[in-house]
Amino acid sequence: MEFNITNGELCVGQIEVRIVASSSVFQIGDVQTIQLSSAFDTPPEALIVGTSFLPLAPKG
Amino acid sequence: MFSRISKVDRINIQIALYSSFIQIGDCQFIDSENDVLAIQRRSDVMHIQEKDFKDYPLFQSYPPLLPIVEPVVMNTNHLQPFISVGAIKISAVSASSVVGIGKTDHIRMRNRVMHVRYISKNKTGVNTLPEGTIQFQNGVLPVDNEK
Numbered sequence: 527m528e529f530n531i532t533n534g535e536l537c538v539g540q541i542e543v544r545i546v547a548s549s550s551v552f553q554i555g556d557v558q559t560i561q562l563s564s565a566f567d568t569p570p571e572a573l574i575v576g577t578s579f580l581p582l583a584p585k586g
Numbered sequence: 811m812f813s814r815i816s817k818v819d820r821i822n823i824q825i826a827l828y829s830s831f832i833q834i835g836d837c838q839f840i841d842s843e844n845d846v847l848a849i850q851r852r853s854d855v856m857h858i859q860e861k862d863f864k865d866y867p868l869f870q871s872y873p874p875l876l877p878i879v880e881p882v883v884m885n886t887n888h889l890q891p892f893i894s895v896g897a898i899k900i901s902a903v904s905a906s907s908v909v910g911i912g913k914t915d916h917i918r919m920r921n922r923v924m925h926v927r928y929i930s931k932n933k934t935g936v937n938t939l940p941e942g943t944i945q946f947q948n949g950v951l952p953v954d955n956e957k
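As they're listed, the protein sequences go chains A and B. Going by our numbering, the first residue of the first sequence is number 527, and it counts up by one from there. Going by our numbering, the first residue of the second sequence is number 811, and it counts up by one from there.
Don't take every hint at face value.
Subject to a maximum C-alpha distance of 20 Å in a straight line, what follows is the list of computed EDC-like cross-link-like pairs (lysine to aspartate or glutamate) [unchecked claim]:
no.: 1; chain 1: B; residue 1: Lys-817; chain 2: A; residue 2: Asp-556
no.: 2; chain 1: B; residue 1: Lys-817; chain 2: B; residue 2: Asp-915
no.: 3; chain 1: B; residue 1: Lys-861; chain 2: B; residue 2: Asp-845
no.: 4; chain 1: B; residue 1: Lys-864; chain 2: B; residue 2: Asp-836
no.: 5; chain 1: B; residue 1: Lys-864; chain 2: B; residue 2: Glu-843
no.: 6; chain 1: B; residue 1: Lys-899; chain 2: A; residue 2: Glu-542
no.: 7; chain 1: B; residue 1: Lys-817; chain 2: A; residue 2: Glu-542
no.: 8; chain 1: B; residue 1: Lys-817; chain 2: A; residue 2: Glu-535
no.: 9; chain 1: B; residue 1: Lys-817; chain 2: B; residue 2: Asp-836
no.: 10; chain 1: B; residue 1: Lys-864; chain 2: A; residue 2: Asp-567
no.: 11; chain 1: B; residue 1: Lys-861; chain 2: A; residue 2: Asp-567
no.: 12; chain 1: B; residue 1: Lys-899; chain 2: B; residue 2: Asp-819
If you want the footprint, here are the derived chain B segments under chain A, 3+ residues with CB under 8 Å [said to hold, decoys possible]:
no.: 13; region: 813-827
no.: 14; region: 837-849
no.: 15; region: 862-874
no.: 16; region: 877-891
no.: 17; region: 895-902
no.: 18; region: 911-924
If you anchor each label on the Cβ, the simulated ranges turn out as follows [as the list claims (entries may be wrong)]:
no.: 19; chain 1: B; residue 1: Leu-868; chain 2: A; residue 2: Gly-539; range: 39 to 45 Å
no.: 20; chain 1: A; residue 1: Ile-531; chain 2: B; residue 2: Lys-864; range: 41 to 47 Å
no.: 21; chain 1: B; residue 1: Phe-892; chain 2: A; residue 2: Phe-529; range: 21 to 27 Å
Hints are computed from structural coordinates only; laboratory data are not their basis. All C-beta atoms, glycine included, are put in the ideal place defined by N, C-alpha and C.
All chains, please: the whole structure from these sequences, using the hints.
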C-alpha cells in the first residue's frame, strides 16, 4: 500500500487539558506508530460483602 | 524522514507524578507501562497476607499488541515546516503518561487497572460503602459545577 499525505499549515491557538493519566499520551509533533492498550477490571467478585477482617492464614 | 518542528509558545503543567514524564525534543521510542491495584476497604489494619498483583488474572498477561507488519509506504509532504501551538495548560500528568513536544518515531503505552471494593457489614447488618465512594442518585452523574 502506498499512502500519500500532504500536510498543510497546522496552527493551534490554545489547548487546555485537565488530566493525562493511566498510560495516556499527549503529543504535539509527528509520530510514525502509536500502539495503546488498556485493561480495566471491576468484576462482580471484586465487590466482596461482609469480609471478616481477621488476618488471613498464610499460604502453604 | 523529514519531519516538522513543533513550536509551542507557552506550556503550563501543574503536576507530573507517578512515572509520568514531559518530553521536549525529538525521541525515537516511548514504551510505557502502568499497573494499578486499587483496594478500597473500611479498615485501618494492614493484613499480614495482602493480595499481590499476581493473585489477579488481569495482571497475569498483557492484552496483546499486534505487531505492525503491513507493508505501508508512507509519503508525507509538509507544506509548512512548523506545528505551532500558542498555549497549553495541563492540570496533571499521572500514572506513566507522557506529554511530548517534538517528533517521536514509535509510541507504545500499556495500562492495567484492577479495582476491588471490600464492603463490611456494620452492627445493624447494613452494608456500608467504603469511604470516598461516589454514589449516583437515580443513575444521574454528578454535575461538575467547577468552571
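Structure-based check of each hint:
Between the alpha carbons of Lys-817/B and Asp-556/A the distance comes to roughly 12 Å, so the proposed pair stays at or under 20 Å and holds. Proximity of Lys-817/B to Asp-915/B is assessed by CA-CA distance (about 18 Å); at most 20 Å being required, the pair is judged to hold. A hinted pair counts as satisfied when its Cα atoms are at most 20 Å apart, and Lys-861/B with Asp-845/B qualifies at roughly 14 Å. At roughly 36 Å between alpha-carbon atoms, Lys-864/B and Asp-836/B are farther apart than 20 Å, so this suggested pair is violated.
Of the pairs offered as hints, the one joining Lys-864/B and Glu-843/B holds, with about 16 Å between alpha carbons and a cut-off of 20 Å not exceeded. Distance hint between Lys-899/B and Glu-542/A is fulfilled; the C-alpha atoms sit about 5 Å from each other, no more than 20 Å. Only pairs whose Cα atoms come within 20 Å are accepted, and Lys-817/B paired with Glu-542/A is accepted, the gap being roughly 17 Å. A C-alpha spacing of about 13 Å is found between Lys-817/B and Glu-535/A, which places the hinted pair at or below 20 Å, so the restraint holds.
Between Lys-817/B and Asp-836/B the CA atoms are separated by roughly 12 Å; this keeps the pair inside 20 Å, and the hint holds. Taking the CA atoms of Lys-864/B and Asp-567/A, the gap is about 14 Å. The hint holds against a cut of 20 Å. Note on Lys-861/B and Asp-567/A: the hinted pairing holds, with a Cα-Cα distance of about 16 Å set against a maximum of 20 Å. As the CA atoms of Lys-899/B and Asp-819/B are separated by approximately 11 Å, the hinted pair is consistent with the 20 Å bound.
Given as covered by chain A, the region 813-827 of chain B passes the check, having 4 residues with a CB less than 8 Å from a CB of that chain where 3 are the minimum. With 5 residues having a Cβ less than 8 Å from any Cβ of chain A, the region 837-849 of chain B passes the three-residue criterion, so the hint holds. Under a criterion of three residues with beta carbons nearer than 8 Å to beta carbons of chain A, the stated coverage of the region 862-874 of chain B is upheld, 5 such residues being counted. Only residues whose C-beta sits within less than 8 Å of a C-beta in chain A count toward coverage, and the region 877-891 of chain B has 12 of them, enough to reach three; the restraint holds.
Coverage of the region 895-902 of chain B by chain A holds. Counting CB-CB distances below 8 Å, 8 residues qualify, and the rule asks for three or more. Restraint check on the region 911-924 of chain B versus chain A: 14 residues with Cβ-Cβ distances below 8 Å, three needed, restraint holds. For the pair Leu-868/B and Gly-539/A, the supplied restraint of 39 to 45 Å holds, since their beta-carbon distance comes to about 41 Å. With their beta carbons about 44 Å apart, Ile-531/A and Lys-864/B fall inside the hinted range of 41 to 47 Å.
Here the CB-CB span from Phe-892/B to Phe-529/A is close to 23 Å, well matched to the stated 21 to 27 Å.
Figure legend: structure checked against the earlier numbered hints; the only hint not met is number 4.
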